[in-house]
Amino acid sequence: MRYLKLAQAYDEIESTSGTLDKIQIYSDMLKEAQSKDVDKIVALTMGKLHPDWKNEPEIGLAEKMAVQVIAAAASVPENTVLDILRETGDIGSTGESLLREGAQATLFAEELTVSKVFSTLDEIAQISGSGSNKTKISKLAGLLTDADPIEARYILRTVTGSLRLGLGDMGIIDGLSTAFTGNRDVRSDIEAAFNVCSDLGRVACVLAENGIDAVRAIHTEVGIPIRMMAAKKLSDAEEIMEKIGKKAFVEFKYDGERVQAHKNGADVTLYSRRQEVITHQYPDVVQLILKNVKAATCVLEGECVAIDPETGKMKPFQELMRRRRKTDIKSMQEEVPVALFVFDILYLNGEDVTSRPMLERRKLMEDTIEVNDRVSLTIGELTEAPERLYEIFEDAINTGYEGVIAKAIHE
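Residue numbers for the sequence shown follow my numbering, beginning at 1 and rising by one.
What the hints contain is simulated information worked out from the structure, not anything from laboratory work. Among the clues, some could well be false.
To be verified - Okay, derived cross-link-like pairs now, DSSO-like style, lysine-lysine, Cα gap no bigger than 30 Å in a straight line:
id: 1; residue 1: Lys-232; residue 2: Lys-48
id: 2; residue 1: Lys-313; residue 2: Lys-294
id: 3; residue 1: Lys-232; residue 2: Lys-139
id: 4; residue 1: Lys-54; residue 2: Lys-31
Claimed, not checked - The calculated label-pair distances, taken between Cβ atoms and stated as ranges, are:
id: 5; residue 1: Thr-311; residue 2: Asn-195; range: 34 to 42 Å
id: 6; residue 1: Lys-31; residue 2: Gly-400; range: 15 to 23 Å
id: 7; residue 1: Glu-384; residue 2: Ile-329; range: 38 to 46 Å
id: 8; residue 1: Ser-331; residue 2: Glu-351; range: 18 to 26 Å
id: 9; residue 1: Gly-161; residue 2: Asn-210; range: 28 to 36 Å
Glycine included, each C-beta is placed from N, C-alpha and C at the ideal position.
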């Protein structure tokens, strides 16, 4: 598929205010795409060439460097680019304007395809070392030289993280559902697959090539992070109980870093809330899991909390962040030791257990984890009374916790 068609769809989406209309435009464009391009289209639309957990470099071009790219591609001084940028306030429109003014027939210009743009941006992202900025500027300027002005607008916005289409992940999912099944009825199936594999490009490719049944077959795999759920903030105990139902399991909220731990035999990988690999920051947590988690394979979610090595009391989150700033992790294990408080199990010995009731998963954790002062389950209590929920909240605050999280038990 020509990148021009994608750029034209972006332009139409940008000019449209209605969400449903935006989704329809995106869907119509996807219908015209070859299945081999669908994952690349989704990745470019999300503004990320690869999922975070793959630990691949992203292009992330600073605006200052983008100015240099435009100057090189349009053969104008950087000050000229800056003057127009001050007028437009948008790096994409600036590049489009200058390239349109200087447009001329180029005998050897290459017609840009989605695949070409994606692979070139990926190559640029991989460039590192001495002189890498100069090489990146040259390579991206070459891509813009082959681009139509409207293509240049969206290439520049993509590389600077300023696409701003107003679609979001769910808009893309709705577009995929409409394009490949004719309606939005299966959006929940697509979202569920995205949640367990954390790669919407992969889901899109499977959908385009093999249909919705193949998407439904995408399952949890150890070593591929599951998208983490976010709690909704509510301030009133009655409102919380009304929202959740008759009973709630109320847990203390810890002031630490949320982690998702994947254990596969003797291998343990830790992922952050944003699905970045953070195993290297917590070698002590890896050892805790290997020693205390009695499962061949499992996926756990918990909170890493800094503790005082002398008293064993929890320390503020800021102490934990010292591990991110220090390269000598070995010494940091002694200076800022951590404890792991586990609050959920998502996968156990080959079985996805996310559909099991919350209290059943809690029992699985109790049976799987050998607790001690460094690894344990979160403090929690089952209640159906708003008054008791508030008492638990008060206990949490008074003993140094951040608050509480109330979970539906789905009996």
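Mind checking the hinted window 18 to 26 Å against the Cβ distance between Ser-331 and Glu-351? Cβ of Ser-331 to Cβ of Glu-351: about 40 Å, so the range 18 to 26 Å is violated.
Within 30 Å, alpha carbon to alpha carbon, are Lys-313 and Lys-294? Between Lys-313 and Lys-294 the Cα gap is close to 26 Å, so the pair holds against 30 Å.
Is the Cα-Cα distance between Lys-232 and Lys-48 30 Å or less? The hint holds at about 26 Å.
Between Thr-311 and Asn-195, does the C-beta distance stay in 34 to 42 Å? Holds, at about 39 Å.
Does the Cβ distance between Gly-161 and Asn-210 fall inside 28 to 36 Å? holds (32 Å)
Restraint check for Lys-232 with Lys-139, where alpha carbons must lie at most 30 Å apart: violated (44 Å)
Given the hint that Lys-54 pairs with Lys-31, test it: the Cα-Cα distance must not exceed 30 Å. Status holds; Cα separation ~28 Å.
Indicate whether the distance between the beta carbons of Lys-31 and Gly-400 respects the range 15 to 23 Å. violated (55 Å)
Pairwise beta carbon distance, Glu-384 to Ile-329, judged against the given window 38 to 46 Å: holds (45 Å)
In summary, the numbered hints that this structure violates are 3, 6 and 8.
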